[in-house]
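One letter stands for each residue in the lines below.
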Amino acid sequence: EAQVTQNPRYLITVTGKKLTVTCSQNMNHEYMSWYRQDPGLGLRQIYYSMNVEVTDKGDVPEGYKVSRKEKRNFPLILESPSPNQTSLYFCASSFRTDSYEQYFGPGTRLTVT
Amino acid sequence: AQSVSQHNHHVILSEAASLELGCNYSYGGTVNLFWYVQYPGQHLQLLLKYFSGDPLVKGIKGFEAEFIKSKFSFNLRKPSVQWSDTAEYFCAVNGAASGTYKYIFGTGTRLKVLA
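Taken in sequence, the protein lines are chains W and G.
The number in this note's numbering is simply the position in the first sequence, starting from 1, with 16 added.
The number in this note's numbering is simply the position in the second sequence, starting from 1, with 387 added.
Quick list of simulated restraints, FRET-style, between CB atoms:
id	chain 1	residue 1	chain 2	residue 2	range
1	W	T36	G	E402	41 to 51 Å
2	W	E86	G	A404	44 to 54 Å
3	W	G32	G	R464	40 to 50 Å
4	G	P466	W	N23	38 to 48 Å
5	G	Y426	W	T21	12 to 22 Å
6	G	E407	W	T129	33 to 43 Å
7	W	T129	G	A484	39 to 49 Å
8	W	G56	G	E407	13 to 23 Å
Derived by calculation from the structure, the hints in this document are not laboratory data.
Nothing here was measured: the structure is a model prediction, and the numbers come from that model.
Glycine included, C-beta positions come from ideal geometry on N, C-alpha and C.
So that you can see chain W by itself, here it is in the shape it has in the complex (with noise of 0.2 Å):
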């Protein structure tokens, strides 16, 4: 089955102390982006990636960092969690034709107390 994974679904940690989530895709699609969901906010881009070893930052890239190693995973880093990224995240992948549209993951909810 075509899908975006991501990895935890669901995280409570504490200040400081470094956590990666997971985001895979089985579609071979080049192009892959990390978004964060706020009430009222909609959803702001993170950091996109073009392809293997090309990332470049959206909307919102403070405090986070992205790595494209492998066409299939682009994982979000955050090196120092801080309550104000509290947020939900969504890791989307497309081709790289027209329009690229996008293929959702499921969504990360991370608590930072």
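For this one, chain W is given, so just place chain G on it according to the hints.
Below, chain G without anything else, positioned relative to chain W:
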């Protein structure tokens, strides 16, 4: 600055009522436009998209949207809503057609359809 504005944050309709959700964007260059939908407890999924050609596009489940370039708008419509259309709807834009690959989403519209 790049932005997407969705005018209605919450909409409540009765079944069979007509729906129109507004979306205006500011991006620069040639754009691709999307409506994504998030049903309760489900992934975000594509409802419809515009990237070229006929500015009136049809999507899944009877939805359609019209791209009006002069108004920078991409409003979503459905002539008769159903209870199962209850969801959150997001308008989005990217500039892939002009070499800009950042995605901008609107803040979303929560639609509740009363049976």
